[in-house]
Amino acid sequence: MQRQALPFICLLHMLAIFWWNVPQHYANIRYDQDYDNTPLFAREEPLLNAAEIRANHTLSWLLNHYIDLTGSQQYWDFFAPASPKTHQYFSVCRSAIKHPEQGEIICTSPPFFSNLNLNFKGFNLFKPNDSRWYRLTENLSSLNDPPLLSAFADFYQVQDRRGTLKKPVWLILHQFELAPGLKGLPAFGYRMDSVLIPGQP
Amino acid sequence: MQKYWYALWFKPIDVRQFALLRIAYGYLTAVYLVQLLPFIATQFSASGWLSSDLKPTSIVNWGSWSLFNLYTGEYALHFSYAIQVLGICAAIAMMLGWRTRLATITVWLVLVSLWNRNPLILDGDDAVLKVMTFYLIFSPCGNAWSLDARQNHQPQSAAIWPLRLIQFQIALIYFVSGWVKFHSAEWLDGTVLHYVLSHPHYARFNLSPWLEYPAFVSLLSFLTSSIRWWELLFPLLLLNRYSRRLSILIGILFHLGLFLFMNLRWFPVIMLAFYPALLSTKEFRSLVDYVKRLNKHNVSTR
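Protein sequence lines correspond, in order, to chains X and A. Take 0 as the starting number for the first sequence in numbering that gives the first Met the number 0 and just add one per residue. Take 0 as the starting number for the second sequence in numbering that gives the first Met the number 0 and just add one per residue.
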């Protein structure tokens, strides 16, 4: 009995993780070049249909619950880096000043939180904190979800003993766009900071 | 047909193949869980910035259960540290092969709990550890090179099916990763590595000055194209003995390259730790014998 059932259970698991990966991606990816010149493997039409099935079918409900129960969630962006054209960091502070000509917004008070660090990291396998903070800011800035951003900024304000929730704080996104082919640009790219949560001027 | 089907799932293999995976992933998980300790208070406990009632729909990969959500009261911070320390102890027990199945289940519970509590700070390497531990639960990975095996004699061969799941997972990772790269304009035009090598977070060293050399740019373009085709075709390359060996060699070089030039924490090592699962039993035994001979030779020359 076990010998007959096991292969089917394995196949069910394989189906679940394959289904979880592939249709999910191609419902979200937009490749906006000419379809005829798009490589075969980048065409997404059939998989979009799979994504539609995902939303309605009973099987998708079952597979979703199976993935959740077994903690098998896995997405393409885990295994292929997001577009590396930009790099970004956060600062949370009480007051800030804008320098539009340099694309900078700089904290004028000591920041409650900041992971702005433009040094190349070298070999730091046993000091991974920078990369964790980087991942968090990368995700938060791409989601750009106001409740999440507020919760983040408020927490670091309260964490710091100087902070109280009564005064609004600045949440600044320090973003840099790389252009490796262009000469004359700073090594870390073109800076274009923006304010995600405006504090007191 | 029935014979092939049976062999596909139940062919006996050397349990040391599972044991090697257990030791590697036990070690790597212990390191990862220790390195996450400074983030427990702010990122995973109920007293952190992400309160347990804040569940925005923008996070689509959020699982529904987590040990960290079991208690959110006054001592939530202590509770969260206790879970993490339990995970570290279990990962060490898994590596040593002490009460292996219980240890592996505990490690998996903690890894999934971390993931489901705050996926925003976690990445591909964490996901690989999580899914790999899940497969090891079902394998007899404590039957060799373990404290359990020293206490009780265990069978030294077992059915291959847990390894088939692992092999499928590896193939899926590469295939999806390759597929995604075919959707990226920077991967298609070959410039992605120009950005990566100038990126202050992803690059270990600033190699952008090298982009002035046409030979270097051509090499990057060749590598970009080769990598995405190799990843996309990875499942097919596993089907033939010779292409599988070639694919393993390319994979080792690829991940060594990532390790040397890119800041991806232990990701390349975690992926390379998968590779014993790609060997046939005969190849695995030859490798073990070779390492033993090498050890003997080193001891005798001292």
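Hint data in this document are derived by calculation from the structure and do not stem from the laboratory. Keep in mind the model is a prediction, meaning the values are calculated, not measured. Cβ coordinates follow ideal geometry from the N, Cα and C atoms, glycine included. Be aware that one or more of the hints could be misleading.
[What the hints assert, rightly or not] Some but not every residue of chain X turned toward chain A, in silico, with C-beta under 7 Å:
hint, residue
1, Gln3
2, Ala4
3, Phe7
4, Trp18
5, Tyr65
6, Gly70
7, Lys84
8, His86
9, Lys120
10, Pro127
11, Arg131
12, Arg134
13, Ala150
14, Phe154
15, Pro185
16, Tyr189
Against the structure, the hints come out as follows:
Using the Cβ-Cβ criterion of 7 Å, the hint placing Gln3 of chain X at the interface with chain A is not satisfied: the shortest such distance is roughly 10 Å. Against a cut-off of 7 Å between C-beta atoms, the interface hint on Ala4 of chain X is violated, since the closest Cβ of chain A lies about 11 Å away. With 7 Å as the threshold, the beta carbon of Phe7 of chain X stays out of range of chain A, its nearest partner Cβ sitting at about 10 Å, so the hint is violated. With a cut of 7 Å, the hint placing Trp18 of chain X at the interface with chain A is violated, because the nearest CB-to-CB distance is about 11 Å.
Annotation: interface hint on Tyr65 of chain X violated; nearest CB of chain A at approximately 12 Å, more than 7 Å. Annotation: interface hint on Gly70 of chain X holds; nearest CB of chain A at approximately 3 Å, less than 7 Å. For Lys84 of chain X, the suggested interface contact is upheld, since its CB lies about 5 Å from the closest CB of chain A, less than 7 Å. Using the Cβ-Cβ criterion of 7 Å, the hint placing His86 of chain X at the interface with chain A is satisfied: the shortest such distance is roughly 5 Å.
About 5 Å separates the beta-carbon of Lys120 of chain X from the nearest beta-carbon of chain A, less than 7 Å, and the hint is met. Because the closest C-beta pair between Pro127 of chain X and chain A is about 5 Å apart, less than 7 Å, the hint holds. For Arg131 of chain X, the shortest C-beta to C-beta distance to chain A is roughly 5 Å, which falls under 7 Å, so the interface hint holds. Because the beta carbon of Arg134 of chain X sits about 5 Å from the nearest beta carbon in chain A, less than 7 Å, this interface hint is met.
Because the closest C-beta pair between Ala150 of chain X and chain A is about 6 Å apart, less than 7 Å, the hint holds. For Phe154 of chain X, the suggested interface contact is upheld, since its CB lies about 3 Å from the closest CB of chain A, less than 7 Å. Below 7 Å, beta-carbon pairs count as interface contacts, and Pro185 of chain X has none with chain A, the closest being about 11 Å; its hint is therefore violated. The interface hint given for Tyr189 of chain X is violated, since its Cβ lies 12 Å from the closest Cβ of chain A, which is over the 7 Å cut-off.
The structure fails hints 1, 2, 3, 4, 5, 15 and 16 (numbered hints given earlier, in ascending order).
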